[in-house]
Amino acid sequence: MGLQQNRLLLAVALVVVIVVALAAVYMMGRGEGGEEVGGAEEAREAPQEATPTATIEEREEKEGAEAEGPGGEKVKVLVLFDVGGRGDLSFNDMAALGADRAAEELGVEVVYQTPKSLDVMVSVLDAASRSGDYDLIVLVGFLWLEPVEKVAPKYPQQKYALIDAATSKVYDNVACYVFREQEVASLVGIIAADIAKNIAEKTGEEAKAGAVAGMNIPPLWKFHIGYLYGVQYYNRVMGTNIDMVWVYTGRFDDPTLGKTYTEQMLQEGVRVFYGVAGLTHVGMFNAVKEAASRGVLAFSIGQDASQEWYDPYTIIISGLKRVDVAVYTAIKDVVEGKFSGGIISLGLKEGGLGLSDEEMIRYFAEIAAEQGRLPQGMTPDDVVRVVLEKRKEWISDDAWRLVKELEERIIKGEITFVTPMSQDEYQKIVEELERGNLEVAVKKG
Amino acid sequence: MAASRELLLTLASILVGLAAGALVLAAGGADPLKGIYVLLTSFTYYPEILLVGASITMLTGLAFAIPLRVGFFNIGGEGQLYAGAIVSLMVSLVAPYTPFPGLLAGFTAGAILGFIAGFLRVRLGVNEVLSTIMLNWAIYWTSTYLVIDVLADPIYPHLTRQVPEAARIPWIPSSLLGPLSEVLPGGVPIIPFISIAVALAAWAAMYLTVPGLRYRFVGANEYAALSRGVNVDYVKLASMTVAGGLSGLAGALLILGYSYRVDTGLSGLAGYGFEGIGAALIGRNHPLGIIAASVFLGELAAGSERIQVEANVPAELAEVVSGAIIFVLAALSGLKYVAPRLLGVKSEG
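Respectively, the protein sequence lines represent chains H and U.
With the first letter of the first sequence counted as 1, position 327 gets the number 373 in our numbering; the numbers rise by one all the way through.
With the first letter of the second sequence counted as 1, position 153 gets the number 572 in our numbering; the numbers rise by one all the way through.
None of these hints come from the bench; they were simulated from the model.
Just to be clear, a hint being listed does not mean it is correct.
Using 25 angstroms as the maximum straight-line C-alpha spacing, the simulated DSS-like pairs for lysine-lysine come out as follows [claimed, not checked]: (1) H:120 <-> H:378; (2) H:378 <-> H:122; (3) H:120 <-> U:453; (4) H:122 <-> U:453; (5) H:122 <-> H:384; (6) H:254 <-> H:474.
Given the sequences, and given the hints that come with them, work out the whole structure.
Laid out in C-alpha cells, this is it:
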C-alpha cells in the first residue's frame with residue numbers, strides 16, 4: 047500500500063514537473079526570441095531593464111514638457127470602464143477610442159480596467175487613488191457617480207474625470223464632462239423632418255417623425271426638447287407641417303418593449319424613428335427593418351455611437367455623443383496643466399456632439415466586423431456605401447443646408463438651449479414648442 | 420497519512436492550474452510569468468476584494484459541500500444568496516437598529532429555499548438539480564423586480580437604497596490595526612471572521628456531535644444508516660435546509676457588511692453561488708479545505724482586477740485565466756477518485 051502510494055505521488059509530481067517545464071520553455075520562447083537558455087531570471091529581467099531606457103529615449107524625443115507629469119515622468123492615465131466594458135459598440139468603445147488617441151498624440155501612458163461588478167467599483171477606485179500611480183483617473187459613465195462621490199473627497203491630490211455624469215457637489219479634483227444633448231438632437235430633428243416629408247411626397251400618405259425614448263428622466267428631456275425644436279425649425283423654414291411623436295418606453299434595456307412601441311407608432315403613421323433608449327431602441331431598429339422588408343418606407347436614426355452598421359438599409363444616420371472627445375479632452379487638460387474641478391459641458395462647438403460621418407460609420411462598422419456582428423455578407427465598405435446612397439436618396443440638400451445653418455448659429459452662441467429643471471417646466475416647453483413657439487427652448491440674451 | 424497526501428495532491432493541482440492559466444495568458448499575448456505573479460499577489464493592492472470574496476464563497480462553498488455528502492447537488496446557492504441579500508436589505512430598512520435581524524432574515528430566506536428543494540426531493544422525488552436551478556431563476560426575477568420597483572434609490576435609479584448605518588456590520592478601523600494599518604488603510608471587514616467561525620462550527624458539528632455522526636453515517640452508506648434506525652430523509656432535508664441558510668447568510672453578510680446595496684443588474688451578487696461550487700470541489704468538500712480554497716478564489720478575484728492594469732490583460736482574458744485555473748483545480752480534485760484506479764491502487768473508500 048505504501049509503495050503504491052509513493053508511485054501515485056511520483057506520477058503526479060512527474061506530470062506537474064513536465065507541465066511546468068513545458069510552460070516555462072514556451073513562455074521564454076515567446077518572451078525574448080528564445081536566445082538565452084541561461085535561465086528564467088535573465089529572461090525576466092531583460093524587458094524590465096529595457097522599459098526605463100525606452101521611456102527616457104521617448105522623453106528626449108519629445109523634448110517638451112507636454113507629455114510629462116508633475117514629477118517629470120510620463121503622464122499616466124487609468125481609464126475605468128463601467129461594468130459592461132469594451133465591445134459594447136457604444137459608450138465604452140468610444141471612450142477607448144479617445145484614450146487611444148490621447149496615448150498616440152499626447153504620448154501619455156494609458157491603462158484600462160473593467161471592474162467585474164458594481165460592488166467592487168468603490169474598492170477598485172479607492173485602491174487606484176491610494177496608489178498615487180496615476181496622474182488622472184478617467185471614469186466612464188454614470189455608474190461611477192456614486193463611487194467617485196464616496197472616494198474623491200478622501201484623496202484631494204488625485205485628479206478624476208467623470209464622463210457623462212455630474213456630481214451633485216463640486217469637488218476641486220473631479221472634472222465632470224457632460225453634453226448639451228439638445229444641440230445634436232435638434233440637428234437630428236431637421237433630418238428626421240426632412241425624411242418624413244420626402245416619404246410623404248413619395249407615398250402620398252402622411253408621414254410623421256417619431257422617437258423611442260427610455261425613461262422619463264432629465265437627460266432625456268434635453269433630447270426631447272432638441273429633437274422637437276429641430277422638427278419645428280424645419281417646419282417653420284420650409285413651411286411644412288410635420289408632426290412629431292415622442293414615446294417613453296420606461297426602460298433602457300428591453301428591446302422587446304422597444305419593438306412593441308415602434309410597431310404601434312408605425313400604425314399611427316410614424317415613418318422616421320429616433321432611438322434614445324439604449325438597448326431598448328435596438329428593438330426599434332428591428333421593427334423598422336421588418337417593416338421595410340414588408341415594403342413600408344421607414345427609417346431609423348441611432349444615438350450615441352454610429353449605429354448604421356446594424357442595418358445600413360434602414361438606419362440612415364446617428365446622433366453622436368462623442369465620448370471619445372470627452373476622454374481625449376480630459377487627458378489633454380491634464381497634460382497641459384489646465385485641469386480644474388467642476389462641470390465642463392461639451393457641445394457642437396467643442397466637437398463633443400455631431401452627426402455620424404463616413405469616418406465614424408466606417409470605424410464602428412469595422413469593430414462590428416471584427417466581432418462578426420455585421421449583417422450577413424456585408425463588409426464595412428458595403429455599410430458605408432449603402433448608408434451614403436440612402437442618404438443621397440432620402441435627405442434633401444435643403445435639410446443639409448438647414449443643419450449647417452443651425453449648427454453654425456449654435457456654435458456662434460446665437461442659440462443656447464435651456465435645460466429644464468423640473469417636470470413642469472419641461473412640459474411647458476414641449477407644449478409651447480408644439481405650438482410652433484421656437485423661442486421658448488432658447489435662452490434669452 | 421491521508422491528510423498529507425491530500426495536501427500534496429492539492430498543491431500539485433494548484434501548480435498545474437497555474438500552468439494552465441499561464442498558457443492561456445501566453446496564448447492571449449500577455450507576459451505569463453508577470454501575469455501569474457500579479458494574479459497571486461494582488462491581495463496587497465485589493466485586500467478588501469480578497470477578504471470579502473473569500474468570506475462569501477466560503478459560505479456558498481459549504482452550502483454546496485454539505486448536501487453533496489448525502490447525495491444532493493445543491494445548484495441553488497446562487498438563488499439562495501440573492502434571496503438572503505434582498506431580504507436582509509429589506510429587513511434592515513424596516514428595522515434599522517442592529518445587523519442581527521437582517522442576518523437572521525437572510526439565513527431564514529435561504530433556508531426556506533433550501534427546504535423547498537429538499538422537501539420536493541425527499542417527498543416527491545423531484546430532482547434537486549432541476550428544482551434548484553428553476554428556483555434560481557424565480558429568485559433572480561423576483562429580486563430584479565424588487566430592486567427596480569420597490570427598493571430603488573431616488574438619487575441613483577440603478578441602485579437600491581442603502582442599508583442604514585446602524586444596521587451595518589462594522590469594519591475594524593485601520594487605527595486599531597497597529598502595524599498593519601499601513602497595509603490596510605481602509606480597515607478590515609468583519610465578515611471574513613464570521614464566515615470562518617461558521618465554517619469551523621460546521622466542521623465541529625460534523626465531526627464532534629451526534630447529529631453530525633448521523634449525517635456522516637448517511638453520507639457513508641445510506642442503507643446501512645437506514646437499517647440502524649437513522650431517519651435518512653430527515654437528515655437529508657436538514658442538510659439542504661442548513662445549506663440554503665448558509666447561502667442566504669452569505670448574501671446577508673455581503674449586503675450588511677460590504678456593499679450595503681444592490682444594483683439593478685444584480686452584478687454585485689452574481690456568481691458567488693456558482694463560485695461556491697468551485698470552492699467546494701477544490702476544498703475537497705471539507706470545511707477546512709473550503710476555507711483555504713475560498714481564500715485562493717478571493718485572491719483570484721482581486722488578481723483578475725489587478726492583472727488588467729499590471730499586465731495589460733483585457734477583462735475578458737482575465738476571466739478566462741482565472742476560469743482556467745479554477746477548472747483545472749476542480750477537475751484535478753476528481754483525480755483522487757480516478758487516478759488510484761488508473762494506477763491499479765485499490766480505492767480507499
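Can you confirm whether the C-alpha distance between residue 122 of chain H and residue 384 of chain H stays at or below 25 angstroms? holds (16 angstroms)
Is the straight-line distance between the alpha-carbon of residue 378 of chain H and that of residue 122 of chain H 25 angstroms or less? Status holds; Cα separation ~12 angstroms.
Given pair status - residue 453 of chain U, residue 122 of chain H, alpha carbons within 25 angstroms: The hint holds at about 20 angstroms.
Decide if the proposed pair is consistent with the structure: residue 254 of chain H and residue 474 of chain H, CA atoms, cutoff 25 angstroms inclusive. Between residue 254 of chain H and residue 474 of chain H the Cα gap is close to 22 angstroms, so the pair holds against 25 angstroms.
Check whether the Cα positions of residue 120 of chain H and residue 378 of chain H lie no farther apart than 25 angstroms. holds (13 angstroms)
25 angstroms Cα cutoff - pair residue 120 of chain H, residue 453 of chain U: Distance of about 22 angstroms is within 25 angstroms: holds.
Of the hints listed earlier, there is not a single one the structure fails to meet.
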